[in-house]
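J.: So the sequences go chain by chain: Y and F. Here the first sequence stands for residues 400 to 1063, numbered as in this note's numbering. Here the second sequence stands for residues 400 to 1063, numbered as in this note's numbering.
Treat the hints loosely; a few may be bogus.
Put simply, identical chains are the same to the list, so a pair is met inside one copy or across any two.
With a straight-line Cα cutoff of 20 angstroms, these simulated EDC-like cross-link-like pairs (lysine to aspartate or glutamate) come out [stated by the list, open to error]: (1) Lys742 to Asp507; (2) Lys485 to Asp980; (3) Lys414 to Asp980; (4) Lys552 to Glu579; (5) Lys621 to Asp720; (6) Lys552 to Glu521; (7) Lys485 to Asp987; (8) Lys414 to Glu650; (9) Lys795 to Glu650; (10) Lys596 to Asp508; (11) Lys414 to Asp1054; (12) Lys742 to Glu545.
In case anyone wonders, no lab produced these hints; they're calculated from the structure. Because the structure is a prediction, the values reported are computed rather than measured.
2 protein chains.
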Amino acid sequence: MRTGIATVCLSGTLKEKMQACAIAGFDGIEIFEQDLVTSPLSPEDVRTMAADLGLTLDLYQPFRDFDSVNEDLLPGNLRRAEAKFKLMSRLGMDTMLACTNVATATIDDDDLRAEQLSRLAELAGNYGVKVAYEALAWGKYVNDYEHAHRLVKAVDHPNLGTCLDSFHILSRDWDTAPIEGINPAKIFFVQVADAPKLSLDVLSWSRHYRVFPGEGQFELAKFMGHVVRAGYAGPVSLEVFNDVFRQSDVERTAVDAMRSLIWLEEQSAQWLDIHPRVGNSSGTPAVSGAAVRRRYPMELATLPKVAEPAGFNFAEVRAGDAAGLEKVLGQLGFEFNGRHRTKAVQLWTMGHARVIINEEPASGASGPLSVAPTIAALGFDVDSPLLASARAQQLKAPAVPRKSQANEEVFQGFAAPDSTEIFLCQGNPDGTAAWTSEFGDEQATHQFPVALGASGGGSGSPTTGAVIDHVNLAQPWQHFDEAVLFYTSALALQPQPYAEVPSPTGLVRSQVMLTEDRAVRLVLNLAPLLQQDGGQQDSRYGGSSRLRRTYQEHIAFAVADLVATAKECRDRGLEFLHIPDNYYEDLDARFALEPDFLATLRELNLLYDRDADGEFLHFYTATVGSVFFEMVERRGAYDGYGAPNAPVRHAVQYDHLHQMKRSR
Amino acid sequence: MRTGIATVCLSGTLKEKMQACAIAGFDGIEIFEQDLVTSPLSPEDVRTMAADLGLTLDLYQPFRDFDSVNEDLLPGNLRRAEAKFKLMSRLGMDTMLACTNVATATIDDDDLRAEQLSRLAELAGNYGVKVAYEALAWGKYVNDYEHAHRLVKAVDHPNLGTCLDSFHILSRDWDTAPIEGINPAKIFFVQVADAPKLSLDVLSWSRHYRVFPGEGQFELAKFMGHVVRAGYAGPVSLEVFNDVFRQSDVERTAVDAMRSLIWLEEQSAQWLDIHPRVGNSSGTPAVSGAAVRRRYPMELATLPKVAEPAGFNFAEVRAGDAAGLEKVLGQLGFEFNGRHRTKAVQLWTMGHARVIINEEPASGASGPLSVAPTIAALGFDVDSPLLASARAQQLKAPAVPRKSQANEEVFQGFAAPDSTEIFLCQGNPDGTAAWTSEFGDEQATHQFPVALGASGGGSGSPTTGAVIDHVNLAQPWQHFDEAVLFYTSALALQPQPYAEVPSPTGLVRSQVMLTEDRAVRLVLNLAPLLQQDGGQQDSRYGGSSRLRRTYQEHIAFAVADLVATAKECRDRGLEFLHIPDNYYEDLDARFALEPDFLATLRELNLLYDRDADGEFLHFYTATVGSVFFEMVERRGAYDGYGAPNAPVRHAVQYDHLHQMKRSR
């Protein structure tokens, strides 16, 4: 698939945008007119620079408000077009996007439109330009791609064809199947954009909320499947107007964009594989799989397929001083499994939940090591770490070097958009992990009053079989959509509809990503802006630690009996997050709980939720640095995270933070 | 008018919210349930604290999803209600908001609903609680206030009445006139919120985009007029769900909120004055003016009325080092009018445009004086500075002390939300200002090669009669809505529909505020987030200078002949903002300009725009600190600001800034 992107998707100057597109590996670009008009580069400069960067200039856009006008407006419109055709010849470009008229159209007459478009095509022909006519979703008279293409057919001129834009088609819920009936030679261009489903007017939706494929809710693989079946083999180019991308670092956004096309290419191939065409006009037989894909002119590259991860292998917290973490993990019932043979790293386990405390300086960190503990890395169990890593790298995930000695397991790792390091591990079927044998030394034995080597509590312990239930990571606002696509494409997690949780400093957008079997649940939280400290995220670690300093993240562990666990934790002196009395009164008003049970919840600072599927009990620890821990018990088929209780947690944590500030 | 506000409007803990409401001067508050549930304060604590703060607890809210349910759900709903009634008695509260059912309603039957509401009212009566029933705009069966009130009438119970919420009524475009027919004793509560007109689903619109009265587009004065005429005299309470206010400083937002009610009170009185009731059921004769207002139970306080300002009196730029400003003002054709007798302040004039360069340290500045020049103050000509200042202070504008000596004019000043100091001045009818006589000294004469005391150029100069055309100020994102209300209410400027301008670092929201006669045009720009450096704006100057360091602001001067002015400026060596060639080619494609004229534009770096009303010529200077200047010529009745050219300006300025960074 030939990949492309419109310059309007990115921030910066035209020069910066072109360089970023080349670095990200795009084949070509669309020149958005305003980017050229505001640029000090001459058209010839742009042409040379594109050639030097290995980018083709695939589309000049947009040309607006041409058709359906009174005859007295036509000469001016043709004059405008001619000026652009001349400009395009200086740029060495041959395709121009013409949108259906939204502003100056006054005559709703297809014959007149065809005649006017015919004059445009004739003029374009004089300059060797192909005009790709696109139905805007809010076009005054023409807003449906089938209508636009009927006009193209009526004009029947070699210099007039169709441009298909997924946003304009899918935002209006137009049927995409008829795309297959379009003569591929008349599809001059294909633009793709995804978008969340919003009940906003389509113009505002289009101008502000488009996202890259995989970051929204449109059925883009199906759209692309029809385009491929039509026989189109030209560029597939991103045109995404997005308020956030316009502000984000241009090179990062270009990579995010490229990743979305690589992912879309794979998804389109899969759609074609499972939707074999059952007979058609060209008599293609109903054959499924890659064989049939090869019959289409567009070549679709695919990636190594990976299954969804089987679970969390470990979670790693980085800390300048591990004392606070050691204390709280011990109180939670974790056992110290020793220090790493060669690194300043500790292993703590509870059942099958493994937490690493890393006191090494961050790799690539430029400044001093942040003292406050932060969640630094997550390990996931996958079938084949090498294959999954190859996939992630093909998806342009930045690899993370993990220093390793001889005889030690080498982790395949890469950096998530929020700078968390993601490691691909191979867990054992019994829930253990081979690398844990690298831990354990005599010195440590004497430091902690717990036995070495034991994996989990005794069989009578309520935490036997404990696992990491979910991990909650704060996301910088500029990279939230990127993170969703990243975990979707590189780790095969599925995004769920997001929730919004009120906190004392603003609404927190909470996006769950999970596996089908719920073995992995990752919660991405978009914190309020004032907790993001400017949101500048240039350096991998510097940025991340700045964000996390003000917004707390956590790791949640699931146990079989939360009440018993909480009692043991209390007896070990754990500092629970204190839940206000008012919460329990409201809980009682809502759920009419048994008085004894309610008393137990209150006494132990447990939170409670219930829905049609089951019940949820949980508690939180106090925060260490920017990290805290949660213990949960899921009863029945409860599939949530106690969202109704999240505002209580936020309010209490906010109060603690402010008390600490005041007491300083 | 009794003023109130729901705690959900504000950020922080319940305690912080209550304190901020008391400081802002509210009479009472609505307790939003979640704020109580998440609070460590007991209900008794809240009651005591409110009493100590002089706040009444006017409404407990919300109670959801009660009516229209299957009979088997009713006992649970009554149980929930009873728990809340008991809680309210501990809080000492007597009014609860009950919303129409959106979630669990299954039976659309007004008789059943009335019967169920009757049981709720009966139960409420046992606890002395009044239930205010409110139709949510998205209520499943009841979403119209008239429908809700028909149910109240059908139940006919002293403990059930109506709650009117302007958002739920105006968002659905329900007619507000029938409010007057409601028995005032049955209007238990009135909530007000404004909102921009959006074509969003009403639930999202309501939950995220409500604003305080005067910050949106609802006809709230009319709504309130009907409420007053109905005979209601209870609290008028703000209920505003807004993503930004939830994140903003709680005390500032509370003051912003209070200002909106003070303004609404005045606007409502004016609406009543100009909409006398022509006969009605109670036989009130058609009398207009304040006399008729006194017949209504609700007392409406009004403010000193002020006319819109007659013009800009001056603009003031603060700078640690004035050299750069002196140079560019001189090149623009400004004349140095000397130094102030007692302060490190210079006066520069061109025609009637006056620019002050202030080298004094900022009043109240805690840190060192920011060296980079920033726009620090604006003077406006008003009829009566004392009256206008009294009005601003009643609108809770923070007064700004301006140090003054004997025999000097005392400026009445206050701080705008973005920290700009606003001074109210008395201009002379001939366009001069008396205070300018405080300037001028011998020493200065020798420093600049221009004559002293001359007001404007000679009569042959193209800048004779020059005035400040507009001033463009950057606004921090947390205070944009506040700024709109501030200038509307305190300075009688009128907000225009806003525009969005693309820049290399994101979209810039541009909001024009102006007087009817266009003598004052103020442009408020909401800069992209990454230019706001975290947006923390705690200290008046610190915050403001941080913002302005990264986003450039400007002062524009209007002259009669821009081409001649530009030539003179060029001859004086002015550094123009360089406009790329591509711009002029596009200009020609769009407007088909005379070749000579186009060549002149290009040669002088002039920008051009044209619309049905007239033409606009303008140019920009290079930036000094965070300030640049613009010269404009308006031809015909052109009323805009060359918005199509703004992206060019942004792109070129961005490029310069980055070149400077690279060359460091």
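J.: If the cutoff is 20 angstroms on CA atoms, where do Lys742 and Glu545 land: within, between, both or neither? Let me know, please.
T.: So Lys742 and Glu545 fail the 20 angstroms test inside a copy (64 angstroms) and across (72 angstroms) alike.
J.: Pop the pair Lys552 and Glu579 into one bin, within, between, both or neither, using alpha-carbon distances up to 20 angstroms.
T.: within (15 angstroms within a copy, 61 angstroms between copies)
J.: Classify it for me, Lys485 with Asp980: is the Cα-Cα distance of at most 20 angstroms met within a copy, between copies, both or neither?
T.: between (74 angstroms within a copy, 15 angstroms between copies)
J.: If the cut is 20 angstroms between Cα atoms, do Lys414 and Asp1054 qualify within a copy, between copies, both or neither?
T.: between (48 angstroms within a copy, 10 angstroms between copies)
J.: Given identical chains, is Lys414 near Asp980, meaning Cα to Cα at most 20 angstroms, within a copy, between copies, both, or neither?
T.: between (60 angstroms within a copy, 16 angstroms between copies)
J.: One pair to classify: Lys552 and Glu521, alpha carbons no more than 20 angstroms apart. Within, between, both, or neither?
T.: Intra 15 angstroms, inter 72 angstroms, cutoff 20 angstroms: intra-copy only.
J.: Between copies, within a copy, both or neither: which fits Lys795 and Glu650 at Cα up to 20 angstroms?
T.: Intra 12 angstroms, inter 46 angstroms, cutoff 20 angstroms: intra-copy only.
J.: How would you classify Lys485 and Asp987 at a CA-CA limit of 20 angstroms: within, between, both, or neither?
T.: Classified as between; 13 angstroms across copies, 75 angstroms inside a copy.
J.: 20 angstroms Cα cut-off: does Lys596 pair with Asp508 within a copy, between copies, both or neither?
T.: Answer is neither: 33 angstroms inside a copy and 33 angstroms across each miss the 20 angstroms cutoff.
J.: Given a CA cutoff of 20 angstroms, do Lys414 and Glu650 count as a within-copy pair, a between-copy pair, both, or neither?
T.: within (12 angstroms within a copy, 45 angstroms between copies)
J.: Check Lys742 against Asp507 for me: Cα-Cα at most 20 angstroms, and say if that holds within a copy, between copies, both or neither.
T.: neither (74 angstroms within a copy, 68 angstroms between copies)
J.: Between Lys621 and Asp720, at a C-alpha cutoff of 20 angstroms, which is it: within one copy, between copies, both, or neither?
T.: neither (52 angstroms within a copy, 62 angstroms between copies)
Hint violations for this structure: numbers 1, 5, 10 and 12, all remaining hints satisfied.
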